[in-house]
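All chains should be modelled from the sequences, with the hints used to inform the complete structure.
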Amino acid sequence: MSIDDVLHSAVPPQDRPVVLDEQGQREVRRAILAAIAVPGHQVPFGSREMPVARGWGSGGLQVTVAIGGSQDRIKVIDQGDDQGVNAVNLRRLIAGTLGAETTEDTRDCTITQSRHRIPEQAMTDEQVLVLQVPVSEPLRPVEKSIAACERMHAEADYSRIWVAMYEDLVTGGVVNASSGYPVLVNDRYLMAPSPIPRWDVPRLDQGDRLTILCHGRDKKVYAVPPHTSVRPITFDDVPFEVEYARDQRCIRCGSTDVYLVETREGTYLCSDVEWCARVRTGDVDVAEHERQIPRAYYPDPAKRVRGVGIRLQGRSALGHSEHTGRTAPGEEWALQVTDLVKVFPGRLGSSPVRAVTGVSFDVAPGEALGVIGESGSGKSTMMNCLIGNERATAGTVRLAAVDDGRTNVLDLDDAARRRLRLDVMSVVHQDPAAGLDLRISAGGNIADRLTAAGWRSFWDIRQRAAALLDRVEVPLHRMDDVVGQFSGGMRQRVQIARALATDPEVLLLDEPTTGLDASVAAGVLDLLRELIAEREIAVVVVSHDFQVIQALTDRALVMHRGAVIEQGLTDQLFADPHHAYTQRLVAAAHV
Amino acid sequence: MTEILRVEHLNKTFHLHAIDRTVVSLRDVSFTVRRGDHLALAGSSGAGKSSLLRCLYRTYLPDSGTVRLTLADGPRELTTLSDRHMARLRGREFGYVSQFLQAPPRVGPLELVTQAARRRGLRHDPAVAVAKDSLTRLGIDEALWDMDCAVLSGGERQRVNLAAGTVSPPQLLLLDEPVSALDPANREKALALIETLRAQDVTVVAVYHDMQIIRRLANRVLVLADGRTIAEGNPTDVLGQHIDALEEVSL
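In order, the protein sequence lines correspond to chains A and B.
The working numbering puts the first residue of the first sequence at 1, with every later residue one more than the last.
The working numbering puts the first residue of the second sequence at 1, with every later residue one more than the last.
Just so you know, these hints were derived from the structure itself, not from any lab.
Take the hints with a grain of salt, since some may be wrong.
[Unchecked claim] Just so you have them, the derived chain A footprint on chain B, three or more residues with Cβ under 8 Å:
(1) 53 to 60
(2) 78 to 86
(3) 102 to 110
[To be verified] Label pairs and their calculated CB-CB ranges:
(4) Ser360(A) to Gly74(B): 25 to 31 Å
(5) Pro104(B) to Arg354(A): 55 to 61 Å
(6) Val151(B) to Arg456(A): 46 to 52 Å
(7) Ala575(A) to Arg123(B): 31 to 37 Å
(8) Arg406(A) to Asn11(B): 58 to 64 Å
(9) Pro104(B) to Arg391(A): 34 to 40 Å
(10) Ile565(A) to Asp201(B): 41 to 47 Å
(11) Gly488(A) to Asp146(B): 41 to 47 Å
(12) Arg584(A) to Thr32(B): 45 to 51 Å
(13) Pro104(B) to Ala416(A): 35 to 41 Å
(14) Ala434(A) to His17(B): 53 to 59 Å
(15) Ser360(A) to Glu3(B): 51 to 57 Å
Don't be surprised by glycine CBs; every beta carbon is placed ideally from N, CA and C.
Okay, structure coming up:
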């Protein structure tokens, strides 16, 4: 008996080869139901070993086998071709295990399993499209950490995708993502639509068919139910484009408004072989196809980003901020910290560390408060509790910008606290690498802040980034250079520009000049002094260096062993320190 | 004339923990200043004149006693005023010109004086205008306006400091030996500028070493010795009476 005989559809069920047992099929179907219920959301499932190698369609195969049965008619295509080796093998395997018939006519199938294409023939709500996926995580190119990707999906925080797009536009004038262009499904989840060409992306939107996408290796399945919105991610003022070879037609069938692929001779062919054949026999519904053509997205050179050079209208682009600082009603402060305590629990024989033991202060708009103390005094831990990098053990932190200061910010969840860092509270870290992505451009680092805060206009972002970088005296001709190539002082300036990008009401400076050599630190200090003077922002400066505190602040706290031991006007602390520790600190500052 | 500053029973002692010593600087100092007064503090070196100014300005925190400042919006107690309100008061209504220029590094005279005027509520352009005017009147050469203050001579620095303190002047101004490092010609320019403060209704409390300057500028004088007030009155009377105590100074 030949293999063809074994695989033949007439074979009764009990004699068919099993590639996925009933339990495995149920597992896949359960995951598919969850995926349909939450469009675009990647649902993990117990992906099994298949009799094809990972990367050869094992995900799509599991879906088709799980949802299919002997009454189905299966179509399998690879790159639009029913006769590709992979397509033929998968089709025979599926047909054999399901006992189903096969077809090459999209109109006739119940399930189409596809790699790289959506058939030109529109599918109906009676049909299912199964797409094999080589990369399921749309954030993978911008974020390596799986946990971070999951966090971004959970919070719908997709700003990094826009940053990647900003970087593409700045370097090449076009968005590089060609296949697998990131889309937003149902206005909620970012999705990688498998490597279908951009031509097919608009055709995912509000389709009649159910589309199921599955990545066997990553063990993820996700879906676009019928009549679901699918929008390509794009800036408001930079249009999404599909591939379109203007004035070219298929040399076999003569079609123009289909996805054409270029041959080695420079001529063009329909990518969808079935469509091409049916056009030649006149067996196509031209009117139906016409509705599917993504004509609105044909490339328009006039709308392209070209010449990303930037011209600033003088310093006025970012001069003295008209922004008036917000205080809590009836109060003077923009930030209030009360009895903040942080205890690191002891474990493995070490005793608990009381790093911060009841620190209280408040800061008003237009005021800079210094926190000085030597290493280990608890000032960095205190700062980390404010930022949200550490969970405080006890205490309250109130921000005038959050619920008029009625809410204890420490009670908010991590997601809410991260959002606060977008536009209410900014941090400048000692190490620029902690506050910047060194792999992207200076402008891109600022775009990161702006896109996170909801900016969606490429040109607005660019103008704002240029104005900020100009203000911190980063030469504009270096705006599109990767920050990793910058010197320490320049990086710190970019970090400051980024921190100010969204006009925060509270600015936290954590040792902003430590680690820079003296002359560079001086320049950064001068800049910070000017920036603080020209805006109504509440500033907290943490430093071990009295010079920095003197240069930037009017009043200051002295921290020692986790507690505030002395506070006063900065010049008074320096000229008339009362506490023995402060006197030692001042004496040490006179080098 | 209405009272602007009332100081009562002011004491200041420094505790130097590192060497376990205490230094008494002011002992039970009391006086009042009326609006428009030009009060001179006289006394030998170490008598507590500068310490008194700094206690008023709260660069030193007094141990006990009260300092009541009465402005148009009512009286306030400076020794217990919150740091924030003290800092705001200092920017606008209450000024201090130290003996030595305390400029932030890498800032030029024009920028420094302009910033001072802006802190007192002027918009950018008027602030630049008054700053230029003030520097010109004190004879600071225009070529120096954008130089780092650190490269200026001692006399130039003192004049820049005075310009910053007196530009768009606050209601109450403390001057600590504002002309000590100046040659006669520049001293005259500085004194002329200080004289104009009275016309602007600025109250001044100042430390001078030169009796002639006290006679010329002050309408009242307070003589300190060893941290105590030993005399108070109009300059002609007091300086005549206490010529012995002040002799070393006027020489």
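Going through the hints against the structure:
1. 53 to 60: Holds: 4 residues of the region 53 to 60 of chain B have a Cβ under 8 Å from chain A.
2. 78 to 86: Since 3 is at least three, the answer is holds.
3. 102 to 110: holds (count 4)
4. Ser360(A) to Gly74(B): 25 to 31 Å: 28 Å, holds
5. Pro104(B) to Arg354(A): 55 to 61 Å: This hint is violated: roughly 37 Å between Cβ atoms.
6. Val151(B) to Arg456(A): 46 to 52 Å: Check passed, 50 Å falls within 46 to 52 Å.
7. Ala575(A) to Arg123(B): 31 to 37 Å: Cβ of Ala575(A) to Cβ of Arg123(B): about 32 Å, so the range 31 to 37 Å holds.
8. Arg406(A) to Asn11(B): 58 to 64 Å: Violated - the Cβ-Cβ distance for Arg406(A) and Asn11(B), about 43 Å, lies outside 58 to 64 Å.
9. Pro104(B) to Arg391(A): 34 to 40 Å: 38 Å, holds
10. Ile565(A) to Asp201(B): 41 to 47 Å: 42 Å, holds
11. Gly488(A) to Asp146(B): 41 to 47 Å: Violated, since Gly488(A) and Asp146(B) (Cβ atoms, about 27 Å apart) do not stay within the stated range.
12. Arg584(A) to Thr32(B): 45 to 51 Å: Violated: the Cβ-Cβ distance is about 39 Å, outside 45 to 51 Å.
13. Pro104(B) to Ala416(A): 35 to 41 Å: 38 Å, holds
14. Ala434(A) to His17(B): 53 to 59 Å: 37 Å, violated
15. Ser360(A) to Glu3(B): 51 to 57 Å: 36 Å, violated
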